[in-house]
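A.B. asks: Going line by line, the protein sequences match chains A and B. Just so you know, the working numbering puts 142 at position 142 of the first sequence, and the rest follows in order with no gaps. Just so you know, the working numbering puts 395 at position 395 of the second sequence, and the rest follows in order with no gaps.
No lab work stands behind these hints, which were simulated from the structure alone. Mixed in with the good hints there might be a few duds.
Claimed, not checked - Partial list, computed: chain A residues near chain B (C-beta under 8 angstroms): (1) TYR62; (2) SER78; (3) ARG111.
Said to hold, decoys possible - Cβ-Cβ distance ranges computed for the label pairs, FRET-style: (4) B:TYR422 <-> A:ALA115: 54 to 62 angstroms; (5) B:LEU406 <-> A:VAL123: 54 to 62 angstroms; (6) A:HIS137 <-> B:GLY383: 23 to 31 angstroms; (7) B:TYR422 <-> A:ASN73: 21 to 29 angstroms; (8) B:THR431 <-> A:GLN141: 53 to 61 angstroms; (9) B:ARG336 <-> A:ALA115: 39 to 47 angstroms; (10) A:MET138 <-> B:ARG336: 14 to 22 angstroms; (11) A:GLU159 <-> B:THR431: 38 to 46 angstroms; (12) B:THR431 <-> A:ASN175: 32 to 40 angstroms; (13) B:GLY328 <-> A:ASP186: 46 to 54 angstroms; (14) B:ASN47 <-> A:MET138: 56 to 64 angstroms; (15) A:MET138 <-> B:LEU406: 52 to 60 angstroms.
Even glycine gets a Cβ: it sits at the ideal position worked out from N, Cα and C.
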Amino acid sequence: MLQMKNVSKVYRTDTVETHALREFSLTVEEGEFVSVTGPSGSGKTTFLNIAGLLEELTGGSYELDGRDISKLNDKERSRVRNEKIGFIFQSFNLIPELNIFDNVDVPLRYRRFDAAERKKRIVDSLEMVGLASRLQHMPAQLSGGQQQRVAIARALAGEPRFLLADEPTGNLDSNMADSVMQLLADINSTGTTIIMVTHELTLADRARRNIFVRDGRVSDSAGNLQLAAAS
Amino acid sequence: MFRYYLRLGLLSIRANPALSALMVAAIAIGIGACMTIVTIHYIMSGNPIPEKSDQLFHVRVDSWDPNEAYDEPNEPPEQLTYLDATALYAAGRAARQVISFLSSRVIEPEDEGAKPFQRETRATTHEFFTMFNVPFKYGAPWDRTADETLERVVVINDKLNQTLFGGADSSGRMLMLTGEPYRIVGVLDEWSPVPLFYDLNNGEYGDPAPVFLPFSVAVAGEHGRWGNTNCWKPIGDGGMPAFLASECVWIQMWAELHSDAERQSYLQFLDAYVSEQKTLGRFPRAMNNRLDDVQAWLTYNEVVDDDVGVLLGLALLFLVVCLLNTIGLLLAKVMRRAKDISLRRALGASKATLFGQYIVEAGMIGLAGGLLGILMTWLGLRGIENLFSAYDFVAKLVRMDWVMVLTAVLLAILSALAAALYPTWRASNVTPATQLRIQ
């Protein structure tokens with residue numbers, strides 16, 4: 001379970017103080033598929049970064065699987081990221097000089113699995129996204145949709161409890177976007193919790209619950225997409 | 001993980017060939033310049049006889065002018081008078097002792113068509129060879145009897161043996177030196193200590209004399225002295241006997257002493273000798289005897305020129321400048337890879353893990369820089385050799401041994417690691433969210 005209570009995030013420079021999140025409270029239960037929508041600058045990505053332990057919160061509390069995240073050091077945070085969280089980015093973020101096999105291998109290396117275990121997980125996850133035959137391809141040899149599938153395979157290879165997706169279909173055409181969304185739904189059906197940030201309401205509607213964020217706060221967590229559409 | 005880091009390092013180097021090449025070149029040039037001077041300094045300050053340098057002592061007694069020290073502030077002469085050298089030698093109070101001086105003779109080849117030529121000779125006593133671990137190719141040193149009976153025997157070096165006898169075993173054959181026949185008793189193997197510690201009066205980096213003959217024979221034959229002769233009293237008109245009885249210093253003496261107790265005992269012996277001489281009206285100065293082991297003797301004689309120290313400092317400074325360039329290049333590389341670093345952080349790499357990855361990559365660049373630096377060093381040494389080709393001793397100073405090769409590689413790797421610390425720290429502290437947000 002992911003639980004944030006009154007989380008705040010403030011970015012400070014010498015002259016400016018920006019409140020990205022204010023008293024942000026949210027609970028995501030095990031196995032949920034939650035979409036997070038909101039206007040630009042509302043704090044969606046900041047929420048996702050804090051949820052994914054990529055940024056530290058300024059105030060409030062954040063528990064992931066019952067652990068108080070604010071008390072973890074860098075090594076422990078990295079381990080939580082590696083073992084419990086999978087990331088999917090809008091721009092795929094594959095490493096261009098590594099082939100598909102090695103890209104999916106990256107998080108498994110940090111998990112210190114042996115070679116046989118890594119290979120099994122890589123092949124299994126690439127099979128799940130339909131790209132097992134492209135192990136030796138380089139990212140540049142794949143289409144955008146295929147690259148995003150590789151990124152999903154990379155996120156799944158470590159069998160994370162949470163999948164955090166930031167505009168996962170933002171760089172894809174509608175057919176590919178639909179295919180990726182179907183894949184996410186399939187993954188969610190296996191019990192993986194998915195939190196997806198998107199500005200496309202049609203995609204958000206495919207989640208089981210929608211969170212609407214405005215001015216760094218959760219404005220509506222009851223799933224009313226009409227409110228989001230109106231704003 | 002180390003193998004994984006090595007692979008990532010190779011990929012990274014391949015992905016940025018120009019930047020990587022610049023870093024390798026910066027390190028190589030710095031290492032090349034630095035190691036060229038370090039190598040010369042290393043050879044100049046090397047221990048010429050490491051296996052027993054702490055057991056060999058240069059002997060000095062202060063027989064000098066009562067009104068003025070031989071050298072400031074109160075150093076005794078670097079050589080001994082004939083009276084003192086022969087008396088101390090005859091006493092035989094050390095495990096081994098050697099007296100010697102440099103001279104010359106005209107060598108007359110057996111082949112009547114060949115022209116005579118002059119060569120340096122070292123007049124010394126029979127234990128010179130065993131005391132200084134001089135290797136023999138053929139034959140053996142002469143013995144004490146030869147010294148005592150003024151036997152005309154010689155030991156020649158391999159090069160002269162090649163010239164005169166085509167490299168064959170010439171022990172037992174005769175050699176004409178300035179019209180006098182000498183029997184060859186031994187031929188030396190390759191031997192050329194650097195510095196030439198046993199006689200610093202005649203060039204620290206010169207070659208040993210090609211001919212060695214008994215001290216007693218040279219003195220009796222009134223062989224000329226090649227090297228410094230210093231006197232503080234007039235010699236008088238009595239010819240060679242007067243010179244031998246004079247206060248002129250011209251003979252080097254070494255004693256082999258195996259323990260501190262032996263050293264102390266020998267110092268007491270020197271004091272007793274000087275006290276006795278004082279009663280005879282000699283040694284007007286206060287008691288001032290010295291025993292310096294090989295390294296101390298080299299230091300006292302400032303065998304390593306001060307200029308080399310200055311050059312060494314400048315070379316190290318140049319290496320630092322090259323490393324500062326490397327730091328800049330590494331920083332540029334790290335900044336270019338900020339997104340990759342952020343992604344790895346997101347996928348579970350800790351700061352320590354990323355630090356390890358980038359340090360290994362820096363080490364690889366350092367290794368490449370070190371290997372190229374060895375080539376640069378070799379070129380630098382060849383350049384110095386060509387620039388100073390008129391000086392024979394320079395060839396001895398521009399040789400790179402395995403110690404220097406390994407030093408070059410290690411210095412390069414350590415330099416690269418030191419240069420990588422800040423950029424790597426920056427890399428491991430990249431805020432992942434900031435970079436991954438950029439679409």
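A.B. asks: For each hint, tell me whether it holds in the structure or not.
C.D. replies: Checked hints:
1. TYR62: Since chain B brings no Cβ nearer than about 15 angstroms to A:TYR62, farther than 8 angstroms, the hint is violated.
2. SER78: 4 angstroms, holds
3. ARG111: Holds - the Cβ of A:ARG111 comes within 8 angstroms of chain B, reaching about 7 angstroms at its closest.
4. B:TYR422 <-> A:ALA115: 54 to 62 angstroms: The hint (54 to 62 angstroms, Cβ to Cβ) is violated, given that B:TYR422 and A:ALA115 are roughly 34 angstroms apart.
5. B:LEU406 <-> A:VAL123: 54 to 62 angstroms: 45 angstroms, violated
6. A:HIS137 <-> B:GLY383: 23 to 31 angstroms: For A:HIS137 and B:GLY383 the Cβ distance comes to about 51 angstroms; the hint is violated.
7. B:TYR422 <-> A:ASN73: 21 to 29 angstroms: 23 angstroms, holds
8. B:THR431 <-> A:GLN141: 53 to 61 angstroms: With Cβ atoms ~31 angstroms apart, the hint is violated.
9. B:ARG336 <-> A:ALA115: 39 to 47 angstroms: 30 angstroms, violated
10. A:MET138 <-> B:ARG336: 14 to 22 angstroms: Given a distance of about 19 angstroms, which is inside 14 to 22 angstroms, the answer is holds.
11. A:GLU159 <-> B:THR431: 38 to 46 angstroms: At 27 angstroms between Cβs, range violated.
12. B:THR431 <-> A:ASN175: 32 to 40 angstroms: 35 angstroms, holds
13. B:GLY328 <-> A:ASP186: 46 to 54 angstroms: This hint holds: roughly 49 angstroms between Cβ atoms.
14. B:ASN47 <-> A:MET138: 56 to 64 angstroms: 57 angstroms, holds
15. A:MET138 <-> B:LEU406: 52 to 60 angstroms: 39 angstroms, violated
In the structure shown, a violation is registered for the earlier hints numbered 1, 4, 5, 6, 8, 9, 11, 15, in ascending order.
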